[in-house]
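Q: As a plain string of letters, each chain reads:
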Amino acid sequence: MSEATLERGLKAFREQMNAPIASFFSSCVNCGMCAEACLFYTETGDPKYTPINKLEPFRRIWEQEYTLWGRVKSWLGLSQPVDDELLEAWEPLVYDGCTLCGRCSMVCPVGNDISYMIRCAREGFVAAGYAPDGMKNASRRAVTIGSPMGVKFPALAAQIKHVEADTGLTIPVDVEGVDYMALLSSMEIMNFPEYMAALARIFKQVGITWTLCSEAFEATNSGIQIGSSDIAKELVNRIVVAAERLKVKYVISPECGHAYTAIRWEGPNLIGRPYNFKVVHILELLEELRSSGRLKTEGYEDARLTFHDPCQIVRKGGVLEQPRHLLNMVASDFVEMNDHREMNWCCGGGGGVSAIERAEALRLKVFKRKKSQLEELNVDTLVTACANCRLIIEEGLEEYRMEIPVVGLTEMIAEHLVGDEKNE
Amino acid sequence: MSTPVDFLLWVRGPGFDIALVVFIIGILIRLLEVLILGRKPDYAEPRGGELGAGLRTLLTRTLPEPGTFKRSPFTVVGGYIWHIGFFISLFLFVPHIELIDATIGLSWPGIASNLVDAVAAVTLVTLVAMLFSRLTHPVKRLLSGPEDYLSWLVTFLPVMTGYLAYHRMIDPYPLVLGLHILSVEILMVVFPFTKLMHAFTFIIARWYNGAMAGRRGVQS
Chain X
1 MSEATLERGL KAFREQMNAP IASFFSSCVN CGMCAEACLF YTETGDPKYT
51 PINKLEPFRR IWEQEYTLWG RVKSWLGLSQ PVDDELLEAW EPLVYDGCTL
101 CGRCSMVCPV GNDISYMIRC AREGFVAAGY APDGMKNASR RAVTIGSPMG
151 VKFPALAAQI KHVEADTGLT IPVDVEGVDY MALLSSMEIM NFPEYMAALA
201 RIFKQVGITW TLCSEAFEAT NSGIQIGSSD IAKELVNRIV VAAERLKVKY
251 VISPECGHAY TAIRWEGPNL IGRPYNFKVV HILELLEELR SSGRLKTEGY
301 EDARLTFHDP CQIVRKGGVL EQPRHLLNMV ASDFVEMNDH REMNWCCGGG
351 GGVSAIERAE ALRLKVFKRK KSQLEELNVD TLVTACANCR LIIEEGLEEY
401 RMEIPVVGLT EMIAEHLVGD EKNE
Chain E
1 MSTPVDFLLW VRGPGFDIAL VVFIIGILIR LLEVLILGRK PDYAEPRGGE
51 LGAGLRTLLT RTLPEPGTFK RSPFTVVGGY IWHIGFFISL FLFVPHIELI
101 DATIGLSWPG IASNLVDAVA AVTLVTLVAM LFSRLTHPVK RLLSGPEDYL
151 SWLVTFLPVM TGYLAYHRMI DPYPLVLGLH ILSVEILMVV FPFTKLMHAF
201 TFIIARWYNG AMAGRRGVQS
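Top line first, the protein sequences correspond to chains X and E.
Residue numbers for the first sequence follow the working numbering, so the first one is 1 and each next one is one higher.
Residue numbers for the second sequence follow the working numbering, so the first one is 1 and each next one is one higher.
Okay, chain E solo, but in the shape it has when bound (with noise of 0.2 Å):
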């Protein structure tokens, strides 16, 4: 790796390999974990049923309780936005959907490319909001440690560098490109490890909470 297009064949080869393969098993570890510990039966007589209430709770957590969102408006919108923003940039990006295209063989349209820069710029600076929140709310600071700040840095790279990189800020471009790649793969990794498995555990934690609250009667 002596040159910069040295490292971007590396980060695009064997480095994307490894992270893919740390992603894909520690994601199925992490699952299991939580599917194999199970419950146990249930014998009070339910007053409603558990599936119906569960895939529910599963849609309609996605909105905030409104009462709730008066309390905390900044934690709500800001969780929208830059949710909202990481995904269009990882997703509606031509470049991206054509490396999903030559990986997998599946594709979709894309939106124009200055519109992609708009929303990340728009993620970014909404990133540094919720991390300056982090650190200076009395609940979140009290709440975060080092696996906070850890997911927080690992979710920011990756858009900052494709920022970096969309713009030529960097040169040589094999070089910022490649540590966009990079970053994406940090992720990758530290992913199965920290609450960024949330992404995957909230579909299983939102519906046991509606099935549990549905079986009372309860919508949650």
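Chain X with its partners taken away, still in its complex shape (with noise of 0.2 Å):
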């Protein structure tokens, strides 16, 4: 990250400003609603959480700079500055309280589509220097050691031993010409191998070639969350060049809701180029494999459970129908929640508030709405698709002393698997 001062911060919102950008600004008639359609607004009753209002800095530019009325208010001395107090005051807005999660951008009746803009935002922000330090470490570590929890490859390689050992199948790393080259997130390697075990095993039943690469593991972008366009993009290249490399052709977005969003969305941009792979989402890959029959399983969950929608890869990602039919391949008793697909309610952690450590009361506060959505449903087990996701949740139910086990989509299942040696 090169030294961030305001001016390069008033660049970055400029280099931001485009036509959708323009006219979500010159719509927005402050009708409030955005606010019923976000969490930290509706669980704290605070209106500062107003998704438009998280954008006021990033408003005064468009105004002063990009209308002639507001250049003429800025000569006549009548505008308000976007100066360095300014952004201050609004970090915790655009950061801690804002998960990215596209909820508000779904209701606005003028069709603002608010969370694009707080994303676009965010990038002045970083560059001002105006960054929760929990997310500028987690680039930092991003950066320099390859992931943003800081895991270097022998703590991946020694992971891999233990799965290998615990399903007797080996874990291909670095093999050039198969056909999917697998990522993973530093939280799955670390807390939830669980998901590169149901890889392996699902992948020797339908008989697909795939590798890990050990240059290019980690799935996760923590400049797409902090808005650094540059850290984004270097972060993207690692994956793009290891692919490239081994002549993968496809690469699997793992079950991260932000890594789908990178890699899949954002990354052919970031690099100015569409890519010589295709990305697709894990979930996306077995549901192809589910509807062309290769991909068999056995037996059903008999307890009662929900999905719940990690919004990057659903509402912002377009993975919708996947999920659940691959729920209904393997549970009887699936429900869907009050709010769900699309329009389905934030877990709270996403778009790197999980990584900011001063905002994990505000965090516990907004999980409240989830926990209501649960508590509407009354089930014995949550399914979710994001390890973040799965982390967040997990912290909620306990911090509420609710007992409900959160399980990976893909490891429900790898436990389903037809002639899975594990299930014989």
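Just so you know, the hints here were simulated from the structure itself, not pulled from any lab data.
Small disclaimer: the values here were computed from a predicted structure and weren't measured.
Just so you know, not all the hints are guaranteed correct.
Stated by the list, open to error - Mimicking DSS-like on lysine-lysine, the simulated pairs with C-alpha atoms at most 27 Å apart in a straight line are:
(1) X/K233 <-> E/K40
(2) X/K48 <-> X/K136
(3) E/K70 <-> X/K368
(4) X/K48 <-> E/K195
(5) E/K70 <-> X/K48
(6) X/K365 <-> E/K70
(7) X/K152 <-> X/K136
(8) E/K40 <-> X/K278
(9) X/K11 <-> E/K195
(10) X/K204 <-> X/K249
(11) E/K195 <-> X/K73
(12) E/K40 <-> X/K11
(13) X/K73 <-> X/K152
(14) X/K249 <-> X/K152
(15) X/K136 <-> X/K11
(16) X/K371 <-> E/K70
(17) X/K48 <-> X/K73
Put the complex together from the two separate chains, hints included.
A: Here it is as structure tokens:
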């Protein structure tokens, strides 16, 4: 990260300005309805968390520099400047108080994609030096070590050994010319290695050739979360270089929300060209294998269970129906939450919020939204497809003393594989 | 402009011309300001099309998302009532249609004047209620600045002066009619420089929202 200054911040804001953002700011009539879609407002009742309010610094840049009347107002000295004080005051709203979940973008009557604007506004904040320490440190570790949690390849190699011992299967590493290169999130490597085991078992059954890459196994992208395109580009590029060197046809995005946004939707634009491979989310791949009859499972989960839609995979990622089909394949009592699919409520820890230590109390407070969604259903198990959601939900459930196990969908599928020695 | 009739003649003549020029050129400038910014090419392989999804969102956002409606029914219902009331009063009042016919040669059937009168009354009451809500609801109060209140005022005045003129509540009639026309001209002049512009830019905003989501395979 180059040295952050207000000038760099203002420049970054200007670089983000485009026709969609100008049309959004032009259209906002301050009706306040976005507040009702945001769990930071609904759970705290504090109007400062109204999504469009989080954009005040960016709005001022737009008005003062991109509208005729705004320029006249500035010239007459009638405008309030965007200065360090303003950015410092807004930093907690833009980072701690927004998970980039995108629910507000679904309800705005004039059609403003507010979460997209906040994603863009973060570029200005971080360039001016106003980003939370937790996220800055995660980004620094991602760039220097290769993972936001500081996980290096030897740590992954150790987990691979464990998984190989557990499953009796080989986890391929750095194999050239296979079809698929799988990515992992640090959280999966350290907290949920079951995911890696599940991949090995499923891919063995369906006969997919795959590999991990020792130089690019990390899927998460702190640059996307903190709002630094430079960092985001560096991290995406590592994956692109590795995938093209190994000549794989597909890169598999793991059970991690923002990793999918980073590699699938933002990545090609960060590096300025399309990839020479395709990116698939693991749920997309599994659903494709299911619908083509290659993925075979047996037995059903008896537990009453529901699915938590990770915002970046579902609402912002477009993987909506796949988890439903997959769940119905292995669960006999799958029920939907009241608001689900593209209208689901965030766990409260997305968009990098989980990396901000000072935001913990707020995060647990807004988790009450998920808590009440779960209470309405009275389920035994919660299934999701994002390691970050999973950890945040586990912490929230513990805080509110709710005993609901949280399971990854890929793992659950692997538990039901036909012909898997573990099931025999 | 020494007499009410002189005043009426001015607002119907030069005053209207000035307002119309500012209105049209202002809107064109504002739309241009948005559109010339363009957007960068998107290299991510699309999952769905932009055009159809954008057009669908343009229509579907006219109805509120059910959960949000439940949480802010007043804003939604109040918003519908006064917008619809305003358009009925503007476009279905026979004297307005005659004026439009005389100006640009387009006409359509109107509705009974006493019905427009009732609609205008409801619109006025709703606009006052919306202002009250803006002043008291914590979210709206925090968001609102001088521009929001100015936008409210210049929207309210044409309906109010129209109501006064229809009922001849100010004497002489040319004065109240002149005030009504003047209030419309103020609205036209203020329009391009405030968030009243949303009446045009919402089309662009909704389209982009729907297109950007549609590209990812989500109907927003």
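Q: Next, verify each hint and record whether it holds.
A: Here is how each hint holds up against the structure:
no. : hint              : verdict
1   : X/K233 <-> E/K40  : 16 Å, holds
2   : X/K48 <-> X/K136  : 24 Å, holds
3   : E/K70 <-> X/K368  : 19 Å, holds
4   : X/K48 <-> E/K195  : 21 Å, holds
5   : E/K70 <-> X/K48   : 21 Å, holds
6   : X/K365 <-> E/K70  : 22 Å, holds
7   : X/K152 <-> X/K136 : 19 Å, holds
8   : E/K40 <-> X/K278  : 21 Å, holds
9   : X/K11 <-> E/K195  : 25 Å, holds
10  : X/K204 <-> X/K249 : 18 Å, holds
11  : E/K195 <-> X/K73  : 15 Å, holds
12  : E/K40 <-> X/K11   : 17 Å, holds
13  : X/K73 <-> X/K152  : 53 Å, violated
14  : X/K249 <-> X/K152 : 25 Å, holds
15  : X/K136 <-> X/K11  : 20 Å, holds
16  : X/K371 <-> E/K70  : 20 Å, holds
17  : X/K48 <-> X/K73   : 26 Å, holds
Hint 13 from the earlier list is the only one contradicted by this structure; the remaining hints agree with it.
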